[in-house]
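**Student:** Below are the chains, spelled out letter by letter.
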Amino acid sequence: MKGNEAVAEAAIRAGADGYFGYPITPQSEIMEYLMEANPQAKTGMVVLQAESEVAAINMVYGGAACGKKVMTTSSSPGISLKQEGITYIAGAELPCLIVNVVRGGPGLGTIQPAQSDYFQAVKGGGHGDYHLIVLAPASVQEMADFVGLGFDLAFRYRNPVMILSDGAIGQMMEKVWLSPPVERSKTVPEWATTGKPPSRQRNIITSLDLDPAAQERFNQKLIDKYNEIREKEVRYEEFQCGDAQYLLVAYGTSARICQKSVQLARKEGLKVGLLRPITLFPFPSKQISGLAVKADLVISVEMSAGQMVEDVLLAVNGKTPVYHFGRMGGMVPTPEEVVEFLKSKITGD
Amino acid sequence: MAEATGIKDYIKPENLVYKRTGIMTENVLHYCPGCGHGTVHRILAEIIEEEGLQSEAIGISPVGCSVFLYNYLDIDWQEAAHGRAPALATAVKRLCPDKFVFTYQGDGDLAAIGTSETIHSCNRGENILIIFINNGIYGMTGGQMAPTTLPGMKSSTSPLGRDTRLMGYPLKITDIVATLPGTYYVTRQSVHTPANARKTKRAIKKAVQYQKLNKGTCFVEIVSNCPSGWRMTPVEANKWLEENMLPYYPLGDLKAPVDVNAQKPVKSDNND
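Residue numbers (the working numbering), protein chains in the order written: chain W, 147 to 495; chain G, -2 to 269.
Keep in mind that the hints were calculated from the coordinates and are not lab data. It is possible that part of the hints are untrue.
What the hints assert, rightly or not - The calculated BS3-like cross-link candidates involving lysine-lysine, where the alpha carbons are at most 25 Å apart (straight line), are:
| # | chain 1 | residue 1 | chain 2 | residue 2 |
| --- | --- | --- | --- | --- |
| 1 | W | Lys332 | G | Lys209 |
| 2 | G | Lys198 | G | Lys169 |
| 3 | W | Lys342 | W | Lys406 |
| 4 | W | Lys188 | G | Lys212 |
| 5 | G | Lys96 | G | Lys212 |
| 6 | W | Lys371 | W | Lys440 |
| 7 | G | Lys236 | G | Lys96 |
| 8 | G | Lys96 | W | Lys342 |
| 9 | W | Lys321 | W | Lys367 |
| 10 | G | Lys169 | G | Lys252 |
| 11 | G | Lys236 | G | Lys209 |
| 12 | W | Lys406 | W | Lys417 |
| 13 | W | Lys440 | W | Lys491 |
| 14 | G | Lys202 | W | Lys342 |
| 15 | G | Lys169 | G | Lys236 |
| 16 | W | Lys332 | W | Lys342 |
| 17 | W | Lys342 | G | Lys209 |
| 18 | G | Lys198 | G | Lys212 |
| 19 | G | Lys151 | G | Lys202 |
| 20 | G | Lys212 | G | Lys252 |
| 21 | G | Lys236 | G | Lys151 |
| 22 | W | Lys342 | G | Lys169 |
| 23 | W | Lys321 | W | Lys406 |
| 24 | W | Lys489 | W | Lys440 |
| 25 | G | Lys96 | W | Lys188 |
| 26 | W | Lys342 | G | Lys236 |
| 27 | G | Lys96 | W | Lys332 |
Use the sequences and the hints to build the structure in full.
**Tutor:** Have a look at this one:
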């Protein structure tokens, strides 16, 4: 099935309580699939087409505040519109899942795949000091798997989770193994606003605190949470890194291309390895640093003007030269292009 | 010869005629003297108490003067982003259909930045109650022009008075939502006199009952004042409200449910 369809089916099977979306290419299949599947009649999952991305993310905010497993999906211009809601959700410490099937930008841009929303996804995106947990699938299988994982992480840390995909993974068709369905949870988290029984104090979901000292304490609490996430939730995959003299760092679609580049280069005798970050926040900095000190050079390969390369640079911290190779605007690099770029850096051209 | 009596001798349960509603918390209201918010809060609290809705109620508070509404009513609250309360309420009600879900929003929140959320939630007929406080001004940010500011009315961003040629006309959003098939009960009330406050209470109480029927959105506008923003005393503000706001925003039901059996409008005591 398509990557987008896999997200939709996985959401039903993960026991999601609600989906709120607004159509935008290249991810409209998600809501189309859900409307067709009509999970409301089977699991009771609410699926609603909102009047805008702004409304959709605020529906997610309201649903998440009730302790429900809720999600939205969109593509780059729509994700920009959702940023207001996302920062409120992060500020209110609510769990939810957001899927961005990235297309090239800025502005209305193109509808072809890109990785140009990296900064927006991993550095916060909206106003204020916060982070999302960001998962980067490189296959349709991972599109499906990360839905359940995303909900788990969102509830474990009471933090919004984003699946940062792109138009290629959303549209491509692959075989998928789908997890067996789980029932929708009946447990109500103690912080959820579902009506105040006499047994507890009233719950208030808010991100407002006019007292600067209290707000700073809250910011510190968030930092502590993000540090715990950095410690426990880093996920990555190494491909032929054992003896790598040259290290490629790439995620998502770029990582699939780079895997091919590694094979091509190794045929020519070049000891190339690939580190694929699976979590972009938290970023596998230690792992990249560890491999970089043993390598002659590091290349960050992205479908962007060079965004993740900044995190690679921070991880490597000057110990090894770091380069960026990227295509933009919906152009996807070929494995050969990556190898050519690598060779040019080896020879110092 | 009768014993001398003190005030303490009168403080007995049988003499109690008025008390703080149990749903109101002991937090001191932050509103300016004469502001209508306190009255509407009290009305809401009374209704939630009288209807036994404390464990059912989920309120969505806005951005504006009533942003801290969640400090005053002892129920579960969600604090929305500016204008987005009906979107939150939509999801809350759909995910928790047995709960009593309401938003409380000012004119800037509901009729400017949140116009889209307001109209579309009403148009979908979400089974929620929207309480709309219209005082024709942005109170919290210091008295700027609102979408409902009257023609010629002065505010900090219309210091010479609202010039409709440049700034457009006051938006009668309540009239708009009354035209939408998704709304079930749409009314405009006020709390500037005790009689009007009682009518407002009856209107909100009806809306609470209607939500149980799952027939669509109930929308209660309350024309209110802003003595600070209007630069008036509370008494002057209420007089000004009556003389200027009410002619533009006439009170009464804009859409009242039809009795299904009788096929005629339900008798309403909320029309002036």
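**Student:** With a cut-off of 25 Å on the C-alpha distance, tell me whether Lys188 of chain W and Lys212 of chain G pass.
**Tutor:** Distance of about 24 Å is within 25 Å: holds.
**Student:** Can the restraint linking Lys342 of chain W and Lys169 of chain G be considered satisfied, given a maximum Cα separation of 25 Å?
**Tutor:** It is violated: about 35 Å lies between the C-alpha atoms, which goes past 25 Å.
**Student:** When you check the alpha-carbon spacing of Lys321 of chain W and Lys367 of chain W, does it fall within 25 Å?
**Tutor:** At roughly 42 Å apart (the allowed maximum being 25 Å), Lys367 of chain W and Lys321 of chain W break the hint.
**Student:** Starting from Lys169 of chain G, check that the Cα of Lys252 of chain G is at most 25 Å away, please.
**Tutor:** Status holds; Cα separation ~14 Å.
**Student:** Can you confirm whether the C-alpha distance between Lys332 of chain W and Lys342 of chain W stays at or below 25 Å?
**Tutor:** holds (17 Å)
**Student:** Check the hint pairing Lys236 of chain G with Lys151 of chain G against an upper bound of 25 Å on the C-alpha distance.
**Tutor:** Holds - the C-alpha atoms of Lys151 of chain G and Lys236 of chain G are around 17 Å apart, at most 25 Å.
**Student:** Is Lys342 of chain W close enough to Lys236 of chain G, meaning Cα to Cα at most 25 Å?
**Tutor:** violated (39 Å)
**Student:** Within 25 Å, alpha carbon to alpha carbon, are Lys332 of chain W and Lys209 of chain G?
**Tutor:** holds (23 Å)
**Student:** Regarding the pair Lys96 of chain G and Lys188 of chain W, is the alpha-carbon distance no greater than 25 Å?
**Tutor:** Distance ~22 Å between Lys96 of chain G and Lys188 of chain W Cα, so the pair holds.
**Student:** Please verify whether Lys198 of chain G and Lys212 of chain G have alpha carbons no more than 25 Å apart.
**Tutor:** holds (20 Å)
**Student:** For the pair supplied as a hint, Lys371 of chain W and Lys440 of chain W, confirm whether the alpha-carbon distance does not exceed 25 Å.
**Tutor:** The hint is violated at about 32 Å.
**Student:** Going straight from one Cα to the other, do Lys321 of chain W and Lys406 of chain W come out at no more than 25 Å?
**Tutor:** holds (20 Å)
The structure fails to meet hints 3, 6, 7, 9, 11, 19, 22 and 26 from the earlier list, while all remaining hints are met.
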